[in-house]
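Build the full structure now, drawing on both the sequences and the hints.
Quick mapping for you: the protein sequence lines, in order, are chains A and B. Numbering follows this note's numbering, in which position 106 of the first sequence is assigned residue number 136; successive positions increment by one, without gaps. Numbering follows this note's numbering, in which position 136 of the second sequence is assigned residue number 138; successive positions increment by one, without gaps.
By construction, these hints were calculated from the structure, which means they are not laboratory data. Here a beta-carbon is modelled for each residue, glycine too, at the ideal position from N, C-alpha and C. Any given hint might turn out to be false.
[As the list claims (entries may be wrong)] Straight-line Cα separation of at most 25 Å, DSS-like style, residue types lysine-lysine; simulated pairs:
(1) K297(B) / K170(B)
(2) K38(B) / K40(A)
(3) K36(A) / K276(B)
(4) K59(A) / K10(B)
(5) K276(B) / K91(A)
(6) K59(A) / K38(B)
(7) K73(A) / K297(B)
(8) K361(B) / K378(B)
(9) K92(B) / K153(B)
(10) K177(B) / K35(A)
(11) K35(A) / K279(B)
(12) K73(A) / K38(B)
(13) K59(A) / K92(B)
(14) K292(B) / K311(B)
(15) K198(B) / K35(A)
(16) K227(B) / K170(B)
(17) K63(A) / K276(B)
(18) K91(A) / K36(A)
(19) K59(A) / K48(B)
(20) K170(B) / K228(B)
[As the list claims (entries may be wrong)] Computed footprint of chain A on chain B; a stretch qualifies when at least three of its residues, placed anywhere within it, have a C-beta under 8 Å from a C-beta of chain A:
(21) 18-29
(22) 36-48
(23) 122-130
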Amino acid sequence: MTEEKKPTLKDCTLCGLCKSNCPVFRATKQETKGARARAILIKEDMLNEIILQCTLCASCKIECPEEIDLPEEIRKARQKLIESGKETQANKIMIDNIRKYGNPFGKQVAGKIPKELYCC
Amino acid sequence: MQDLDIQKLTSIVGQQNITQNPTDLLIYATDAAQIKGRALAVIWPKTTGEITQIIAYANKKDIQITPRGAGTSLTAGAVPQNSIILDLSKMDKITQETSDTITVEAGTILDDLNTHLRQKDKYFPVIPSSDTVATIGGMLATNAAGTRAIKYGKTSDWTEEIEIVTGKGDIIKTKDINEFASTEGILCIITKATLKTTSLPEQTSITTYEFSTAEELVEKVKQLKKDKSIAAIEYIGPFTSSMQDETPKYHLLIEYENNTGTHKTTEEIEKAWKQRKGLGTVLSAAGYPKIEDPKIPEKNIAAFLNWLKDQNIPNFGHIGYGIIHCRIKPDHDLNEFYRQVKNHNGQVSGEHGIGLTKKQYIPQTLKDELKKKKQKYDPKNILNRGKMI
Numbered sequence: 031m032t033e034e035k036k037p038t039l040k041d042c043t044l045c046g047l048c049k050s051n052c053p054v055f056r057a058t059k060q061e062t063k064g065a066r067a068r069a070i071l072i073k074e075d076m077l078n079e080i081i082l083q084c085t086l087c088a089s090c091k092i093e094c095p096e097e098i099d100l101p102e103e104i105r106k107a108r109q110k111l112i113e114s115g116k117e118t119q120a121n122k123i124m125i126d127n128i129r130k131y132g133n134p135f136g137k138q139v140a141g142k143i144p145k146e147l148y149c150c
Numbered sequence: 003m004q005d006l007d008i009q010k011l012t013s014i015v016g017q018q019n020i021t022q023n024p025t026d027l028l029i030y031a032t033d034a035a036q037i038k039g040r041a042l043a044v045i046w047p048k049t050t051g052e053i054t055q056i057i058a059y060a061n062k063k064d065i066q067i068t069p070r071g072a073g074t075s076l077t078a079g080a081v082p083q084n085s086i087i088l089d090l091s092k093m094d095k096i097t098q099e100t101s102d103t104i105t106v107e108a109g110t111i112l113d114d115l116n117t118h119l120r121q122k123d124k125y126f127p128v129i130p131s132s133d134t135v136a137t138i139g140g141m142l143a144t145n146a147a148g149t150r151a152i153k154y155g156k157t158s159d160w161t162e163e164i165e166i167v168t169g170k171g172d173i174i175k176t177k178d179i180n181e182f183a184s185t186e187g188i189l190c191i192i193t194k195a196t197l198k199t200t201s202l203p204e205q206t207s208i209t210t211y212e213f214s215t216a217e218e219l220v221e222k223v224k225q226l227k228k229d230k231s232i233a234a235i236e237y238i239g240p241f242t243s244s245m246q247d248e249t250p251k252y253h254l255l256i257e258y259e260n261n262t263g264t265h266k267t268t269e270e271i272e273k274a275w276k277q278r279k280g281l282g283t284v285l286s287a288a289g290y291p292k293i294e295d296p297k298i299p300e301k302n303i304a305a306f307l308n309w310l311k312d313q314n315i316p317n318f319g320h321i322g323y324g325i326i327h328c329r330i331k332p333d334h335d336l337n338e339f340y341r342q343v344k345n346h347n348g349q350v351s352g353e354h355g356i357g358l359t360k361k362q363y364i365p366q367t368l369k370d371e372l373k374k375k376k377q378k379y380d381p382k383n384i385l386n387r388g389k390m391i
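Set out below in structure tokens:
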């Protein structure tokens, strides 16, 4: 039995349907912040902070007529960014906190609400 | 062309609504046609007044402007040619509503509009396949149609009035929609539209047929077109069907806006449409990524389909409206293809527009007509230069 070929970003036609429910595009109404922008940047191997401006909600994957797993491509691109030392301060703090305290918020006193919340 | 005075443009739209960041320019250098141009800046205007100021500046400094909606053009209509991109996505407000019309800004996304209208059991019935991202301005600029064009026609048929800013900077409100629809941003920037709405159909149902020959298919379509309860008549050609593991015949899908059809449940209807809508993926994967959309007169459709069959060109489309979608290999000779479209008295584009990629195939008479309009509304040729003509 032959394994079905999984579509990759090479199959992306830039149709733009991935931004239909992209929450970052919906909030900003800027093409440069939406899912298609991330697809273009990964295709062009021009990784930068726009790759990090994604909630990984996977709505782009649901909308893609080519059935490309863009969130997975974004995860790989983020890994590359971190390996090349391009990481956000918030991400560094969050990872440190997870390593030290087992949670992303840092040391917590019982019942105390953290003053700062970090997310990627 | 003179250098851009970014300070001047920033003073019009504010710092957060203009960019020359190289990454932003790269992203806006292309659209769904996958052709790269060059953007000098990207501006997100928020009012008609801002657009008039930008156009006044562009006229004074001979700067070109490329208007952009969702960037879903398959003919590079939104690809910049050393120009400023004017992205209307932030002009997305509903400004007025009556019981059967709604006035919206040009950047309003069709699906958002219909989500709003559905609360009142109404909708805007011209629905292209890109409806989840397509903007009303873009739909008017290309005069978009869609699968239900046989019943509902094109965007212009459902538009009562538009507000535009011409290439000269004049703000015009007009009911003469056909003067500006389909002109792909070369005469004006559409800023607002008053659209007609209609009630949602109470019920839909679907019937499917299979035919061995193009002649049988067209005969059935002719007969079905007399039934006014039919909203969509779609077909899939034999070569395309075989790629979907279906019998290599002409498959016809009919959508009724009542319960006449044989498939009546939501599941059955969704399944039937899924097969039709999933064609793009199958054909791209099979090595046919490019899509053409000629419109062929009914009397010549069978002959055209037979020619496509001889050439092994996969096809499908809105046959009730005469639009035959043909999927093409990247190295295919389009000159011969468009010679055949002409020989069958067809139009180059039924719904995707002309843009950059099809302008060499449109008749000189249409180009001359557009040039006359261009002289009237955009004499300095600042709007979407290089497109259509």
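**Asked** Which of the numbered hints above does this structure break?
**Response** 1, 7, 9, 10, 15, 16, 17, 20 and 23
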